[in-house]
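Participant: Chain by chain, the residues run as shown.
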Amino acid sequence: MKNLLIFALFLTISFTCVAQAEVSVITHPSNGNSLSKADITAIFLGKKKTFPDGSSAVALVLNDATTDEFNTKLLGKSSSQLKSYWSKLVFTGKANPPKPVSPATMLELIKGNPNMIGFIDSSSVSDGVSVAGQF
Amino acid sequence: MKKTIFAAGLLAASPLIAHATDYSVKGFGSLIGGLTTDQNEFRPHVKYGGGKYDESFSLDAESHFGVQFRADITDKLYANVQVITRGAYNWRPELPWAYIGYNFNDNIQLKAGRLKAPFYLYSDYQDVGYALPWISPPRNAYMVPIDAIDGVNVIGNFSRGQFEHVIEAWVGHIDDTQNKYEAQALGTEIDAFGFSYATTYNDWLMVRYTYNEGDVDLYSDDIDTIHSTLIAIGAPNEMIANTTSEEVRGSFSGLALKAEFDKLTIIAELNQLEWHTNIFPHQKRGYISAIYQVTEKFTPYLTLMKNNDSAGDLQPSGNPALDAELAAGFGASDTTAWAIGGRYELMPNVALKAEYQSQSSDAYHIEDVSDTVRVAVDFVF
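The listed protein sequences correspond, in order, to chains A and B.
Oh and the first sequence: position 54 is 54 in the numbering used here, straight run, nothing missing.
Oh and the second sequence: position 331 is 331 in the numbering used here, straight run, nothing missing.
These are computed hints drawn from the structure, not numbers from a lab.
Warning: the hint list may mix true and false statements.
[Said to hold, decoys possible] As a list, the in silico DSS-like pairs of lysine-lysine whose alpha-carbon atoms are at most 25 Å apart:
| no. | chain 1 | residue 1 | chain 2 | residue 2 |
| --- | --- | --- | --- | --- |
| 1 | A | Lys49 | A | Lys37 |
| 2 | A | Lys48 | B | Lys26 |
| 3 | A | Lys77 | B | Lys284 |
| 4 | A | Lys37 | A | Lys111 |
| 5 | B | Lys76 | A | Lys99 |
| 6 | A | Lys77 | B | Lys297 |
| 7 | A | Lys99 | A | Lys48 |
| 8 | B | Lys26 | A | Lys49 |
| 9 | A | Lys99 | B | Lys26 |
| 10 | A | Lys47 | A | Lys37 |
| 11 | A | Lys47 | A | Lys88 |
| 12 | A | Lys77 | B | Lys26 |
| 13 | B | Lys297 | A | Lys73 |
| 14 | A | Lys47 | B | Lys26 |
| 15 | B | Lys284 | B | Lys52 |
| 16 | A | Lys88 | B | Lys263 |
| 17 | A | Lys37 | B | Lys52 |
| 18 | A | Lys77 | A | Lys88 |
| 19 | A | Lys94 | B | Lys258 |
| 20 | B | Lys258 | B | Lys297 |
| 21 | B | Lys76 | A | Lys47 |
| 22 | B | Lys76 | B | Lys52 |
| 23 | A | Lys48 | B | Lys258 |
| 24 | A | Lys99 | A | Lys49 |
| 25 | B | Lys258 | A | Lys77 |
| 26 | A | Lys47 | B | Lys258 |
| 27 | A | Lys48 | B | Lys284 |
| 28 | A | Lys88 | B | Lys26 |
| 29 | A | Lys94 | B | Lys26 |
With the sequences and hints as input, model every part of the structure.
Facilitator: Right, dumping it as structure tokens:
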């Protein structure tokens, strides 16, 4: 019985770990802005189109499950809530949602453009990008 | 202003200026069907005169589809054109939005072209069913028959502490003369202006106020006939003046509230349409809706609606038969309704909805009841 409990506990912990992989928000290394969680949220929800220093900010999202993770942890919205949120902005011409790209493209684009901001699974962070925050 | 709309359309559609311009095409639609469960007809919206439900199932009354073209010309300048086609208008295309927008910064935006007047809480995206908890906003309170303006608007937004403020001001011309040809609709040309102000506290409580005013020129055979009849029978001058078709001053104001709790959202609007020295009734209409998220996919709602329309400047004309007719057409009326419905997330971009609505009205001592069942598929792409 005790073993079973430990096993169940182990399962729970490992499951929790899988479900809560860490997400790193990444920018170009020359981007000197220090970004709060509120700044990041505002940029990814289309409320702000600039970094705190005034330079333009272009957000990118991933085309894999990391995006759901990011949406829940940072934006506090499920995918259908977010879809509904964006359809309000899109069909009133206020803003378009960030473009989804693959993890490899994400790293390439962030490395090449100081105006871009994205995120990636923390285990995939590579040289040439700087981490603005981990969530 | 027509030129601006044309220019906006050209910019959005032309592939010749594609250099750094970023294009996007997105769409939405709502396939809505319904019928009344009694012998009465139900008109879901004053705006779409031809759209109505009766005892046989109809998909034409409210179904509509839209496509939007957007061109980001620079990071500040963009053009946006939306085309909608509705069953209620025999699928004839309309342009609810066709404008050029300029974002001065994150706080101030300017738009010029074909825009929507910010009359209601859901003015901007009332056609995008997918973005709404209901099949349509409670349209008893969406009583202005027209809201497409050709003009300019400025939106400012700023935050202070826990408060987020949004101010929108507009001025423009409304030309609805094409509706002259629609069944039972009347043509109007309006020069108008208005503003709205909304403040949100801590992302959960929002209060919004709007005021709009305009001079309306009417093209209505009915009004013209009443006007000439009053002159012919020698009615008091004031009554004759109250049936003029030119520069009729009207105002629309609205107060809205939205409170978002953990799973529960409460939305209420109270809107008022008033006429200065005219026989048109004053309309005071509102609703309150409670929307509850049972699971991530299922959100039922309950809505209560009330219309309290009082008579305008109707005075005795000296002819009792005519007075009775005017009171029937322009007098006070009361309508109450309730609706129960829900939204189900079928896929990440498709929602299913169903609603039962029961409405009873009392106009000129004639009671009228209609019960309507509607189902909808809303999607975005």
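Participant: Starting from the hint list further up, note which numbers the structure goes against and sort them upward.
Facilitator: Hint check: 3, 17, 22 and 27 fail, others pass.
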